[in-house]
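> Heads up: the sequence lines are chains H and B, in that order.
What the first sequence shows, in this note's numbering, is residues 1 to 115, in sequence order.
What the second sequence shows, in this note's numbering, is residues 116 to 230, in sequence order.
Wrong hints could be hidden among the right ones.
[As the list claims (entries may be wrong)] Computed spacing ranges between beta-carbons, pair by pair:
no.: 1; chain 1: H; residue 1: T113; chain 2: B; residue 2: S229; range: 23 to 33 Å
no.: 2; chain 1: H; residue 1: G28; chain 2: B; residue 2: T192; range: 16 to 26 Å
no.: 3; chain 1: H; residue 1: T38; chain 2: B; residue 2: D123; range: 12 to 22 Å
no.: 4; chain 1: B; residue 1: T192; chain 2: H; residue 2: E83; range: 21 to 31 Å
Everything labelled a hint here was simulated from the structure, so no lab data went into it.
Everything numeric in this text was worked out from a predicted model, so none of it was measured.
Note that beta-carbon positions come from the ideal geometry of N, C-alpha and C, so glycine has one too.
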Amino acid sequence: DAGVIQSPRHEVTEMGQEVTLRCKPISGHDYLFWYRQTMMRGLELLIYFNNNVPIDDSGMPEDRFSAKMPNASFSTLKIQPSEPRDSAVYFCASSLVAGRNSPLHFGNGTRLTVT
Amino acid sequence: AQSVTQLDSHVSVSEGTPVLLRCNYSSSYSPSLFWYVQHPNKGLQLLLKYTSAATLVKGINGFEAEFKKSETSFHLTKPSAHMSDAAEYFCVVNEENTGFQKLVFGTGTRLLVSP
Numbered sequence: 001d002a003g004v005i006q007s008p009r010h011e012v013t014e015m016g017q018e019v020t021l022r023c024k025p026i027s028g029h030d031y032l033f034w035y036r037q038t039m040m041r042g043l044e045l046l047i048y049f050n051n052n053v054p055i056d057d058s059g060m061p062e063d064r065f066s067a068k069m070p071n072a073s074f075s076t077l078k079i080q081p082s083e084p085r086d087s088a089v090y091f092c093a094s095s096l097v098a099g100r101n102s103p104l105h106f107g108n109g110t111r112l113t114v115t
Numbered sequence: 116a117q118s119v120t121q122l123d124s125h126v127s128v129s130e131g132t133p134v135l136l137r138c139n140y141s142s143s144y145s146p147s148l149f150w151y152v153q154h155p156n157k158g159l160q161l162l163l164k165y166t167s168a169a170t171l172v173k174g175i176n177g178f179e180a181e182f183k184k185s186e187t188s189f190h191l192t193k194p195s196a197h198m199s200d201a202a203e204y205f206c207v208v209n210e211e212n213t214g215f216q217k218l219v220f221g222t223g224t225r226l227l228v229s230p
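Turn these sequences into a full structure, and let the hints guide you.
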């Protein structure tokens, strides 16, 4: 299995531009998670999906952030408009089932820089 | 509410010496506990997990951790450090009181290994 695939690996954009991050989870995994990692705040859960349905988006920082999962093999995280404080590494992860025994499988992340 | 505290932000060891990365947790329910490792520019990878079976858990790359309920600890150890162990390590707790998986990550411990 190729694992969780994220694109792009790096994104540099100017303040005010729209940014779209992409994720392909591991086939057969029912859960998909978006995390943000910064030096100041560590790893933060932004949103997660179960069977393509958003379950908990309480971690999404503002209305500028939105996430979709149109099918079981694809998800996007969009920031519009982007701001310098959005600069971070964004990780997508997937999990086979809910529950205590199910670890997360992470992609390699997208490093976002907003100037 | 659940939480996890990693007591050291950095740990430095020499190659061939033992590794100890400390983690304490707080949980209202019987927790699941995990250690993840993150190498530079990579996503997080599961090292090991505790899910109420044996209290001494063995993971990949020679790492192990012991769940001590009386001390609310889940410290990560390895008898002999290797240069390739240099990375950031995250202790993670999961409570399944809602039926949905929601992990809480520690702030991470950066392990430095010198020759």
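> Could you run down the list of hints and mark each one as holding or not?
Checked hints:
no., hint, result
1, T113(H) to S229(B): 23 to 33 Å, "31 Å, holds"
2, G28(H) to T192(B): 16 to 26 Å, "34 Å, violated"
3, T38(H) to D123(B): 12 to 22 Å, "20 Å, holds"
4, T192(B) to E83(H): 21 to 31 Å, "42 Å, violated"
Hints 2 and 4 from the earlier list are contradicted by this structure; the remaining hints agree with it.
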